[in-house]
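All chains should be built: construct the whole structure from the sequences, respecting the hints.
So the protein lines, in turn, are chains A and B. Each residue of the first sequence is one higher than the last, beginning at 1 in my numbering. Each residue of the second sequence is one higher than the last, beginning at 622 in my numbering.
Because the hints were derived from the structure by calculation, they are not lab data. Positions of the beta carbon are idealized from the N, C-alpha and C atoms, including for glycine. Be careful, since some hints might not be right.
Derived pair list, reagent style DSS-like, types lysine-lysine, alpha-carbon separation capped at 25 Å [stated by the list, open to error]: (1) B/Lys-980 <-> B/Lys-991; (2) B/Lys-827 <-> A/Lys-151; (3) A/Lys-446 <-> B/Lys-1207; (4) A/Lys-312 <-> A/Lys-361; (5) A/Lys-207 <-> B/Lys-713; (6) B/Lys-793 <-> B/Lys-772; (7) A/Lys-206 <-> B/Lys-772; (8) A/Lys-92 <-> B/Lys-828; (9) A/Lys-18 <-> A/Lys-110; (10) B/Lys-933 <-> A/Lys-151; (11) A/Lys-361 <-> A/Lys-414; (12) B/Lys-776 <-> A/Lys-580; (13) A/Lys-586 <-> B/Lys-1207; (14) A/Lys-155 <-> B/Lys-933; (15) A/Lys-465 <-> B/Lys-1067; (16) B/Lys-982 <-> A/Lys-580; (17) B/Lys-772 <-> A/Lys-207; (18) A/Lys-153 <-> B/Lys-933; (19) B/Lys-776 <-> A/Lys-310; (20) A/Lys-290 <-> B/Lys-774; (21) B/Lys-1182 <-> A/Lys-92; (22) B/Lys-980 <-> B/Lys-911; (23) B/Lys-1086 <-> A/Lys-446; (24) B/Lys-1035 <-> A/Lys-153; (25) A/Lys-155 <-> B/Lys-931; (26) A/Lys-561 <-> B/Lys-713; (27) A/Lys-586 <-> B/Lys-662; (28) A/Lys-153 <-> B/Lys-828; (29) B/Lys-1067 <-> A/Lys-561; (30) A/Lys-206 <-> B/Lys-774; (31) A/Lys-312 <-> B/Lys-774; (32) B/Lys-713 <-> A/Lys-465; (33) B/Lys-1207 <-> A/Lys-593; (34) A/Lys-586 <-> B/Lys-911; (35) B/Lys-774 <-> A/Lys-207.
Here are the in silico distance ranges between beta carbons for each label pair [as the list claims (entries may be wrong)]: (36) A/Arg-174 <-> B/Glu-1146: 24 to 34 Å; (37) A/Leu-554 <-> B/Leu-797: 50 to 60 Å; (38) A/Leu-554 <-> B/Glu-1145: 57 to 67 Å; (39) B/Ile-624 <-> A/Ser-555: 48 to 58 Å; (40) A/Lys-155 <-> B/Val-1143: 23 to 33 Å.
Protein chains: 2
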Amino acid sequence: MSIYDERINQLRVLMRDKNIDAYIVCTQDFHSSEYVGDYFKAREYLSGFTGSAGTLVITYNKAALWTDGRYYLQAEEQLSVSNIELMKMGQKNVDTIEEYLTKSFDDRIKQSSDVGHNSYNDLEELHNHQDKFIIGFDGRTVNNNFVQHLKSKIKLNISIYADEDLVEAVWKDRPLLSAKPVWELDFGYTGRMREEKLETLREEMKKTDSDICILASLDDIAWLLNLRGNDIQYNPVFLSYMIIGMNHAVLYANEVIFSDEIKEKLELAQITIKSYNDIYMDITKIDSNKNVLVDYNKVNYRLVHLIPSKCKIQNIQSPIMRMKAVKNSIECDNIRKAHLKDGIAVTKFMYWLKMNIGKIKITELSAAKKLEELRANQEGYIGASFAPIMAYGKHGAIVHYSATEESNVKLEKKGFLLSDTGGHYLEGTTDITRTYVLGELKNEEKTAFTLVLRGNLNLASARFKYGVTGANLDILARQPLWENGLDYNHGTGHGVGYVLNVHEGPNCIGWQIKSDRTNNTVLEEGMVTSNEPGFYLTDEFGIRHENLILCKMLSETEYGKFMGFETLTLVPFDLEGIDKTLLSNKEIDWLNKYHQYVYKMLAPYFEGEELKWLQMTTKII
Amino acid sequence: MSIYDERINQLRVLMRDKNIDAYIVCTQDFHSSEYVGDYFKAREYLSGFTGSAGTLVITYNKAALWTDGRYYLQAEEQLSVSNIELMKMGQKNVDTIEEYLTKSFDDRIKQSSDVGHNSYNDLEELHNHQDKFIIGFDGRTVNNNFVQHLKSKIKLNISIYADEDLVEAVWKDRPLLSAKPVWELDFGYTGRMREEKLETLREEMKKTDSDICILASLDDIAWLLNLRGNDIQYNPVFLSYMIIGMNHAVLYANEVIFSDEIKEKLELAQITIKSYNDIYMDITKIDSNKNVLVDYNKVNYRLVHLIPSKCKIQNIQSPIMRMKAVKNSIECDNIRKAHLKDGIAVTKFMYWLKMNIGKIKITELSAAKKLEELRANQEGYIGASFAPIMAYGKHGAIVHYSATEESNVKLEKKGFLLSDTGGHYLEGTTDITRTYVLGELKNEEKTAFTLVLRGNLNLASARFKYGVTGANLDILARQPLWENGLDYNHGTGHGVGYVLNVHEGPNCIGWQIKSDRTNNTVLEEGMVTSNEPGFYLTDEFGIRHENLILCKMLSETEYGKFMGFETLTLVPFDLEGIDKTLLSNKEIDWLNKYHQYVYKMLAPYFEGEELKWLQMTTKII
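Below you can see the structure in the form of structure tokens.
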């Protein structure tokens, strides 16, 4: 028996103690963070599966793990040592978690009936519930929708036990919760004092008649307080919650992470620091005559359910989402500086790559290391904003590819290198994809490169009326591909935080109306969004061209306010990939103007051969 | 005192009898029809205002009428003889109906308080309700949303009295309900038997666990039964309701409108005919254990509220909306024939116009008459599908302009004639707008003509993935205008019925997400939608280019199903309006291909000078 089966059996003992029929272990932390710290890797501890997405379900006699197409192979291998069944999400005839649980409970009912009335009574006694099944999970690791979904899809009599993390007792050497020091982002970077932000938040609360606002999103809290941390990889945030009232607020976090200076400043802003876990007690003490603003998509299930039932709940999008998405003018000026630094680093990487390919040994990992070094040379560089994607050849077709020692390959003087990377600078966060031509290309590669580029240029040059959403604009990026029966299976753009999460709502660009209402978000002046159409031919190659674009008001006429985008990213598109005959005159103009601007901005930082190369690389076509 | 004030005073007597504090008279019939018969013109009878949109509100001491910008002038004039106040909807500082009623009720409370406690008691006795206000209206002329809106916006204690049409007793010489003969549309036109349609409907009902379906939309019923009538101007439908069960259905209508043959056929399909008004009694007798499918947007408030409260209601979009929107292959073949006939008529009109402008006296009305004659020459022509818009010069900028004897002007040999007209043929319904160049144009006119045309061509040539909605596509039509800070203040496209309403849901094209979910409708193969971008410069000119487009599946690749449009309308765009330098090569190609196709289709029906002219008019540019 593998250690994973042993660990699961230990958990089953606890399940029986508490009459829990099925226990679900999710991948999330308590804040729906994109990345999670080691403390939160309970699913990995129990199953051995290390992927970034997956859900483990344990019943008395079985265990199964759901994951998506990115992880089929990895999960197959990692689960092979245990009795955990792999459930390939999205494949036909694979049960959902709800279907699996329904069948499992149905089987139990049948078995009980089969073995006669007496035995049924035993079971009944054992569980102390008549055909009622208890599903357990740590309510801090899921949101309300998860639970509603379970309840609506499982047509049996079920109840939920979400008050306890059973893994805690099983996992003896569990890592501690991260508690890295918090640092302050100065006014020169944030452009707004925390007092001012709190005041704006309270005005938003008043608009919805709310007395109290609960925050659990780490980037919401970091933005509001002008503080940054280091508890989540790639996201400079710190583990915390907040309860904000009209005159006073409480920040729940490990006190050791704050310097005395920061503590004093928080006190001045009428913010008290209490222990990270205290919120679970304090939330139960909210006056029942209060109106509580809480975004069910952002605040975990257990917190939501601890709010006194007499409180009036305003379940609406956290006002901070929109507040932090709309960058102020100081942030915008900074972001331009960050993109200049990033543009220098990435363009120098492009030069290094073009000069050395076929001459020295370059691998996916060494290329990523080189780019990281070039970024680190820039003043104010903090670190990578997400796990770098440096994908050569057919690896480029794997949308979430991240090179490992095992997968790492040497770059040859042919085909594409798809490089999707980003950095945090004090002046803002970048996210850029370039597809570099390393040598000869097939015709279909050049065609696809050009079609994807057309989508990028058409979205970048869009002019639209105020009120437009990402769902209205998406077709501009996809039309060149759709005209040719091609497509990419991801959104066209996501919002980007300011020294925060590189994936930030609510703004996004995508054609399918999402249930979480985010692509109904009106694009406001000051929002930064990615523009990243792509094309992927499985086992052959992948192409993506990504710039960040800043939404701006361009003119107001009697027909309305008209908006457009400023492209922030300052790195040439690889001209060697372009089939000019496929571009319209308007597209050629736009590309030339972009390259002229990139040259103008970068040239002061280049000299000699490198400058000559830059000139060639941004030439008029 | 005008007759209108007298009529309103008569109504106030009834209001006092029934303790109704405010009575609302709407413009709708009992079926939310776009046009209403004379019987339903209660608002016109009481106010003298003849516009197609307006709501009259009567309190004990005041009366006010709300209408929109199209009717400000007309309403001002028509209301000048009475004491009815004009409320210009959409203008700043103009109260909504709800605000008006709130203030009116507030005043009553204040007055009562001012005159002392005794008087307040008198009022209380008079109304037999303590500060509770009763709002009355004919519940058959509004839908549930109207009532919900009233209740949510008026923050006072109100109740609704919707069971009676008070106007009935006041309006002595009220016209009778229309009762025109019903006729059958043969299988060769409909492509599906009514029995088959009923079966499909019942399958859709089963999917939502519904036992009974209530229908009140006249086009839904006409489509389902393959019957047409003549009770509503421009819409070949007949006054009726239906209650449909799993094995049997009841059609509520005036029996005299059915021939014996049709009655027999309905009987064969297990459909019983009962009196039009009987539904209001029968609906109360529905078994309380039944699940009732009823679309609150389509079935009037009174009917909805007569459904026994124990019935489980499925308030979803009527399944027939989608069924009739997706035209079957026989309908599609017919529709192409209808467009050929319409194309011949409209193109001959264009020839007549071009040859005679400046030579004989042509007015807006005489031009409309000429076009109607040319359509009537076509076999199978039934009549106009909506009130023709023949708008010369600055009239073109009035989006809903319809020439009257008073407004009628003579066409000069300059500027634009905007002609938006359509016909019903046995083979289908058409809707076409052309903007004809009558002589010299200003540069801005030519530019605007070309920009609007670009929008039309770009939407017509769109290729898109299955699942796309009108909200995703709209920008293709608007982008050329938006790029120049211009726009049009209406949707880009509406669904079109088959010998039914020319405005038919649920498909439509528009960028703003509507609350009634219609532009979230996925465009399905077989849907016919209009493609009609425009531009309007107030007091100067108007431009609109409208074709009908049929959604089709074009290819299926590993990236999905790809869709596009077939343009159905067969009439040249006026080349004299085009500034070719503004068109892209792709747009020029598309225009040339369209004109070649129009020529090929129409040429067999033209000869001599007319044919030569057609050749010139559709020439390659």
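Right, here's what the structure says about each hint:
no. : hint                                 : result
1   : B/Lys-980 <-> B/Lys-991              : holds, 16 Å
2   : B/Lys-827 <-> A/Lys-151              : holds, 23 Å
3   : A/Lys-446 <-> B/Lys-1207             : holds, 21 Å
4   : A/Lys-312 <-> A/Lys-361              : violated, 64 Å
5   : A/Lys-207 <-> B/Lys-713              : holds, 22 Å
6   : B/Lys-793 <-> B/Lys-772              : violated, 32 Å
7   : A/Lys-206 <-> B/Lys-772              : holds, 23 Å
8   : A/Lys-92 <-> B/Lys-828               : holds, 22 Å
9   : A/Lys-18 <-> A/Lys-110               : holds, 22 Å
10  : B/Lys-933 <-> A/Lys-151              : holds, 21 Å
11  : A/Lys-361 <-> A/Lys-414              : holds, 14 Å
12  : B/Lys-776 <-> A/Lys-580              : violated, 63 Å
13  : A/Lys-586 <-> B/Lys-1207             : holds, 12 Å
14  : A/Lys-155 <-> B/Lys-933              : holds, 19 Å
15  : A/Lys-465 <-> B/Lys-1067             : holds, 23 Å
16  : B/Lys-982 <-> A/Lys-580              : violated, 54 Å
17  : B/Lys-772 <-> A/Lys-207              : holds, 21 Å
18  : A/Lys-153 <-> B/Lys-933              : holds, 20 Å
19  : B/Lys-776 <-> A/Lys-310              : holds, 23 Å
20  : A/Lys-290 <-> B/Lys-774              : holds, 23 Å
21  : B/Lys-1182 <-> A/Lys-92              : holds, 19 Å
22  : B/Lys-980 <-> B/Lys-911              : violated, 69 Å
23  : B/Lys-1086 <-> A/Lys-446             : holds, 23 Å
24  : B/Lys-1035 <-> A/Lys-153             : violated, 67 Å
25  : A/Lys-155 <-> B/Lys-931              : holds, 23 Å
26  : A/Lys-561 <-> B/Lys-713              : holds, 19 Å
27  : A/Lys-586 <-> B/Lys-662              : violated, 54 Å
28  : A/Lys-153 <-> B/Lys-828              : holds, 17 Å
29  : B/Lys-1067 <-> A/Lys-561             : holds, 24 Å
30  : A/Lys-206 <-> B/Lys-774              : holds, 19 Å
31  : A/Lys-312 <-> B/Lys-774              : holds, 20 Å
32  : B/Lys-713 <-> A/Lys-465              : holds, 22 Å
33  : B/Lys-1207 <-> A/Lys-593             : holds, 22 Å
34  : A/Lys-586 <-> B/Lys-911              : violated, 61 Å
35  : B/Lys-774 <-> A/Lys-207              : holds, 17 Å
36  : A/Arg-174 <-> B/Glu-1146: 24 to 34 Å : violated, 56 Å
37  : A/Leu-554 <-> B/Leu-797: 50 to 60 Å  : holds, 58 Å
38  : A/Leu-554 <-> B/Glu-1145: 57 to 67 Å : violated, 36 Å
39  : B/Ile-624 <-> A/Ser-555: 48 to 58 Å  : holds, 52 Å
40  : A/Lys-155 <-> B/Val-1143: 23 to 33 Å : holds, 28 Å
Checked against the numbered hints above, the structure violates hints 4, 6, 12, 16, 22, 24, 27, 34, 36, 38; every other hint is satisfied.
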